[in-house]
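Colleague: All chains should be modelled from the sequences, with the hints used to inform the complete structure.
So the sequence lines, in the order shown, correspond to chains F and Z. Heads up, the first sequence is in the working numbering, so the first residue is 1 and it goes up one at a time. Heads up, the second sequence is in the working numbering, so the first residue is 1 and it goes up one at a time.
Derived from the structure by calculation, the hints contain no laboratory data. Glycine included, C-beta positions come from ideal geometry on N, C-alpha and C. There may be inaccurate statements among the hints.
Stated by the list, open to error - Covered, in the sense of this in silico footprint (three residues per stretch, anywhere, with C-beta under 8 Å from a C-beta of chain F), are these stretches of chain Z: (1) 26 to 40; (2) 66 to 74; (3) 94 to 101.
To be verified - Sample of chain F residues lacking proximity to chain Z, with all beta carbon distances greater than 10 Å (derived): (4) Gly131; (5) Asp132; (6) Leu244; (7) Leu251.
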Amino acid sequence: MPFGYHGRYLRIDASSGCREYVPLDDAVLRQFIGGSGLGARLLLDEGAGEMDPLAADAPLVFAFSPLVGSPLTTSAKFAVVSKSPLSGRFNDSLASSGFAIAGKRCGCDAIVIVGRAPELSALIIDQKVPGDAPNIRIEPAGEYRGRTCRDTESGLRSRLGADFRIASIGPAGENSVRYATISHDGRHAGRGGSGAVLGAKNVKAIALRGSRFTEWAQPRELTELSRDLSKRSFGPATAKYRELGTASNLLTFNRFGALPTRNFQSGAFEEAAALSPEQLSLTRAKTRESCVACTIGCEHIYGSGKNGVRVEYENLFALGSLCGVGDADIVLRASQRCDELGLDTISAGGTIAFAMECVERGWLDEPWLAFGSGEALLRALDLIGARKGIGDLLAEGSRRAAHAIGHNSISIAPQVKGLEIPGYEPRALQTMALGFAVGARGADHNRSGAYEVDFSAKIDRRHVTIDAVRHAIETEDRAALMDSLIICKFLRGVFEDFYAEAAEMLRCVTGWDATAEEMRETARRIVSAKRQFNLLAGWTPAEDTLPERFLNTPLPNDPAASLSRERLEALVAEYHRQRAW
Amino acid sequence: MLSFPWTRAVARRLEQAWTKRDMHVEFFGVPKERAGVAGLEVQADSLGQLLGMLAQRIPSLADLIAEDQLHSAFVANLNGDRFISDPRTPLGENDRILILSADAGG
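Modeller: Here is the structure:
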């Protein structure tokens with residue numbers, strides 16, 4: 001077994017409480033590393049592609065990585081991997097902090113949960129003493145029904161002990177909202193509905209305490225490498241995250257006409273300035289936090305105490321400009337409400353904005369649900385979390401809602417493969433448009449960093465050519481490797497040669513004689529594994545596209561931003577050719 | 001007040017003579033924080049000259065600019081259209097140069 005691994009995963013059946021340790025081959029670990037990659041491989045082994053993701057036998061994987069627990073900055077991360085109940089395709093969502101370290105210290109490289117507990121329960125894995133077998137039990141957790149993620153976490157820690165690390169779902173996960181999250185320490189494995197998968201297993205929370213450490217192959221070199229990486233992480237490449245947070249994107253995107261507004265009807269929002277970090281900090285206390293083992297500290301929290309809200313660009317866009325809401329207090333409250341309910345802010349905002357446009361067009365008879373109404377936004381979030389009234393439909397996501405509403409509203413549903421589009425207007429950022437169209441988990445900015453290419457001198461962002469394809473592939477491969485190592489993408493600017501440095505990290509931790517070329521191959525293998533999963537789940541080439549709204553209709557605020565169906569099809573075809581799929 | 005037929009023309013010429021035909025620099029995100037202003041007017045013939053001038057005029061921008069080039073974590077855009085990096089890129093009157101983080105994601 002290589003250093004850095006336990007060489008096994010823990011498989012737990014929530015129906016019966018049965019558990020087993022399943023050995024992991026060295027070759028599998030080397031080929032898929034950990035995180036998203038290992039999760040993809042385990043899902044394929046479990047035959048999850050053809051299952052209903054909300055069925056009892058569908059697996060949900062928590063995957064760690066060899067780097068977890070090492071001194072490498074930002075490495076305290078875990079991936080939650082399953083078939084998405086929103087898209088019906090591969091889904092991997094990542095979150096950070098102590099849960100990852102505690103999970104790995106439970107003596108396994110991944111936890112696979114299948115089955116369905118007979119009642120709402122908490123899964124507890126307690127490896128308090130290193131040499132002992134862990135105490136694994138499923139306890140009733142009915143008293144936490146309807147409780148927020150934060151309340152559940154603090155309640156369970158009071159009950160079990162402060163040294164437990166807990167991931168939980170909110171009411172949205174209990175109610176099978178298809179874009180419910182799994183939360184840990186205020187952060188979320190956010191996209192694709194992993195919270196609904198855990199909820200379908202009647203598991204409200206997972207509590208971990210561990211004490212089994214792994215050894216590193218080259219501890220001295222690893223310490224040096226970690227020190228150097230940490231030092232570089234304080235430089236200009238991460239200044240944006242450290243000094244302002246991702247919220248600083250808002251005014252930049254607005255200036256470039258790329259800030260999705262009122263369900264992508266425009267790329268410029270007249271009230272954007274009111275939501276900017278500069279404006280938010282004028283009247284609110286602001287503090288900065290970071291995940292465990294992170295030197296960047298990207299979290300900017302506005303407000304204090306229980307009212308403090310982590311503000312990210314995606315929240316501001318999805319719950320602000322996309323719904324036409326420019327009242328910062330409302331947007332922060334909506335963001336906090338999503339955290340409490342355990343809702344993905346992007347899918348929540350995207351689905352509500354879609355419904356608002358349907359109301360505007362007379363396709364949906366909910367006159368209160370109007371663009372710009374903060375009250376409507378907050379009400380809609382509560383209805384979705386509880387699956388009440390119109391919330392029951394919106395809890396299905398924009399694609400399913402569009403099929404129910406009719407009127408060809410699917411043409412304006414802001415989604416790819418069912419996953420709502422994040423805050424990047426595809427007509428104004430056309431390499432990103434390709435990244436969205438071909439993404440294995442649907443439209444997503446964390447699996448394709450193609451927007452970076454649009455914001456560079458490499459291409460003309462509004463008139464991309466076939467040359468953009470290789471750049472899109474490069475960012476997708478890099479993301480797949482980062483999500484499998486796992487290290488934070490906010491570090492990507494500090495690497496001079498990412499693949500060589502990734503190989504060096506793995507060499508120091510595992511002892512493998514990894515090379516940059518091997519890392520490139522591994523990245524491609526992981527992207528392919530996700531694709532193979534999707535094929536088994538029923539993927540067809542027709543899915544690799546964008547909604548009709550974005551094709552052949554120029555962006556109203558920027559007529560030069562126009563993407564024809566033919567151009568997108570040519571880009572996608574070239575992407576498939578270069579991938580050799 | 002006396003008014004002559006040529007008064008308006010003289011006033012217009014006077015205004016033109018005193019109006020600087022500058023280009024406008026817009027800062028976003030970290031560059032804006034460092035600069036302390038959202039934008040300013042400058043005169044420069046090329047991107048390199050502009051960046052050199054900015055580093056000199058606003059010392060807090062110095063660690064974002066190495067001689068006549070932006071640090072790789074930052075980019076410049078011309079008029080909201082194309083991104084430019086070559087210091088020799090010519091700039092003209094009334095151009096708008098946007099300076100922002102290269103890492104545009106969240």
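Colleague: Each hint: holds or not?
Modeller: For each hint, the structure was consulted:
With 5 residues having a beta carbon nearer than 8 Å to a beta carbon of chain F, the region 26 to 40 of chain Z meets the requirement of three or more and the stated coverage holds. By the rule of at least three residues with a Cβ nearer than 8 Å to a Cβ of chain F, the coverage given for the region 66 to 74 of chain Z holds, with 4 such residues. Closer than 8 Å: that is the beta-carbon criterion, and the region 94 to 101 of chain Z has 3 residues meeting it against chain F, so the requirement of 3 holds. No Cβ of chain Z approaches the Cβ of F:Gly131 within 10 Å, the least distance being about 44 Å, so the stated non-interface status holds.
The non-interface label for F:Asp132 is consistent with chain Z: the shortest C-beta to C-beta separation is roughly 43 Å, beyond 10 Å. With a least beta-carbon separation of about 6 Å from chain Z, F:Leu244 fails to lie farther than 10 Å from that chain, contradicting its non-interface assignment. At roughly 6 Å, the least C-beta separation between F:Leu251 and chain Z is not larger than 10 Å, which violates its mark as non-interface.
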